[in-house]
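Residue numbers (our numbering), protein chains in the order written: chain A, 1 to 210; chain B, 1 to 108.
Simulated from the structure, these hints should not be mistaken for laboratory data.
It is possible that some hints are incorrect.
Stated by the list, open to error - Reference listing, derived: stretches of chain A covered by chain B, where coverage requires no fewer than 3 residues with Cβ under 8 Å from a Cβ of chain B:
id, segment
1, 47-61
2, 68-77
As the list claims (entries may be wrong) - Estimated spans, in silico, between C-beta atoms of each pair:
id, chain 1, residue 1, chain 2, residue 2, range
3, A, 127, B, 101, 42 to 48 Å
4, B, 43, A, 130, 33 to 39 Å
5, B, 22, A, 12, 27 to 33 Å
6, B, 89, A, 42, 34 to 40 Å
7, A, 83, B, 22, 32 to 38 Å
8, A, 91, B, 9, 46 to 52 Å
9, B, 66, A, 46, 24 to 30 Å
10, A, 83, B, 104, 49 to 55 Å
11, B, 89, A, 134, 23 to 29 Å
Unchecked claim - Output of the computed footprint for chain A on chain B, the stretches with three or more beta carbons under 8 Å from beta carbons of chain A:
id, segment
12, 25-31
13, 50-64
14, 69-79
All values reported here derive from a predicted model rather than from experimental measurement.
From the three backbone atoms N, C-alpha and C, an ideal C-beta is built for every residue, glycine too.
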Amino acid sequence: MIEDFIATLGRSLPGPRRPRQRLLAEAQAGLADAVQTYLAAGMDTSAATAHALADFGTVSQVAAHFQAELGIVRTRRTAALTVVLWPLLTLFWNVTWELNPYPTWQVPSVPFVLAVAASALTLAAFLHATAALVVTGRYGRGRSWAGMQHDVRLLGRTGTGAFAATALMLPAVDPSTLLWPPTTLTILAAVTVAITAIATGRRRPGRPPR
Amino acid sequence: MKADAIRGHLDGLVLAVLEGRPLHGYGVVQALHVRSGGALDVPTGTVYPALHRLERSGLISAKEHTVAGRRRRVYQLTASGRRALNLERSSWQEFATVITAMIQQAPS
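Isolated chain B (complex conformation):
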């Protein structure tokens, strides 16, 4: 799946992978890769500004931890982030339902 297709949805995807457990930056990159089965083809460099943006918006929070001997910012969802993720899920399901109904082959 190309970057164009997920434009505008990266924040929601990052929130989704942080729902299960806190992760550091590269952990988020790996989780996105694993959850999409390797189909998500976005430059991983765009994840770091997304994390900064989500933290500024109060949707995730960060704590400094030592991971594998290195200092890392580890991110986790806030209560606002959980609500935003639920909203994103609802609106995506609504969107997908409408598009699926419109795009599927008409019965002959």
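Just chain A, same shape as in the assembly:
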């Protein structure tokens, strides 16, 4: 019965697998302890389980609290990914831009201007992600930062998407640029990161309890 309840609660929780399993395992252990306490007080197993589950709350009562916490964990992961990948992608992109022996187009050009705009967007994503990591960690005093969670995911998606779009523009202007392996690798990395960010962001985030 407790296992069924925890399984039902788990199905209502999107989010990273390991923190979700840890939270659910701890809740299940707590429920088992509660049953033991009621058994020690003289109840039969059925009544003890029913009392333990009643104390715990229904799925609709507690799921929002679990979702809010898991939502922050997911936002922190997105933010950490953005913080780590942005400097790497920027470095690779600059190397590709500066050293590729194949481009035939001139700077400034439309791709150049778009690349600068995309860089500004990804810089905004980087700064916002850094701030999110700070305030959802030891300096956040446990607040949910719901608005910031949304912004981090949105900026993560648009920033990496813009970066990938700009990277793809290079071979669109001159396919011969793909002959230089660093360019090909940078474009593949940018597109992979963008697809991952967009796919992650499409999952429904946890709504914090009111």
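Based on these hints, arrange chain B on the given structure of chain A.
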């Protein structure tokens, strides 16, 4: 006391029960029940995300221990948690003083 009344204060209450000694998840649930004299009527399931949140914020830390033959995460206050608890106490006392002064019956 209903869940609505303590909304926003659960973290402070959890810190308060951990002030005396380290506790595992259900130990925190029991301590909240005992300290409130059974008056605290919140779904105990909300305590586990609160513990996760407080640990993420660095206000409590956890260690794995074996309790009654089972592996348990046992939580204790950190120095930051102790400071946060003191702040929570001060702001609550200030709040309670103001509300008590305002809500008590005016002398006739």
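> Does the Cβ-Cβ separation between residue 43(B) and residue 130(A) fall within 33 to 39 Å?
Replying inline: Given a distance of about 35 Å, which is inside 33 to 39 Å, the answer is holds.
> Is it true that residue 83(A) and residue 104(B) lie within 49 to 55 Å of each other by Cβ?
Replying inline: holds, 52 Å
>> Assuming the hint says 46 to 52 Å, is it satisfied by the Cβ distance from residue 91(A) to residue 9(B) or not?
In response: holds, 47 Å
> Measuring from beta carbon to beta carbon, are residue 66(B) and residue 46(A) in 24 to 30 Å?
Replying inline: Holds, at about 29 Å.
>> A range of 23 to 29 Å was offered for this pair. Does it hold for the Cβ distance of residue 89(B) and residue 134(A)?
In response: Holds - the Cβ-Cβ distance for residue 89(B) and residue 134(A), about 26 Å, lies within 23 to 29 Å.
>> Please check whether the segment 68-77 of chain A has three or more residues whose CB lies within less than 8 Å of a CB on chain B.
In response: n = 4 at 8 Å, threshold three: holds.
>> How does the segment 47-61 of chain A fare against chain B when you require at least three residues with a CB closer than 8 Å, holds or violated?
In response: holds (count 5)
>> Please check whether residue 127(A) and residue 101(B) have a Cβ separation lying inside 42 to 48 Å.
In response: holds, 45 Å
> Per the hint of 34 to 40 Å, is the separation of the Cβ atoms of residue 89(B) and residue 42(A) within bounds?
Replying inline: Given a distance of about 38 Å, which is inside 34 to 40 Å, the answer is holds.
>> How does the segment 25-31 of chain B fare against chain A when you require at least three residues with a CB closer than 8 Å, holds or violated?
In response: This one holds; 4 residues, not fewer than the three required, reach chain A with a Cβ under 8 Å.
>> Given the hint of 32 to 38 Å, is the C-beta distance from residue 83(A) to residue 22(B) inside that range or not?
In response: For residue 22(B) against residue 83(A), whose Cβ atoms are near 33 Å apart, the range 32 to 38 Å holds.
>> If you count the residues of the segment 50-64 of chain B with a beta-carbon closer than 8 Å to a beta-carbon of chain A, do you get 3 or more?
In response: Coverage by chain A holds for the segment 50-64 of chain B (9 residues, Cβ < 8 Å).
In terms of the numbered hints stated before, the structure departs from none.
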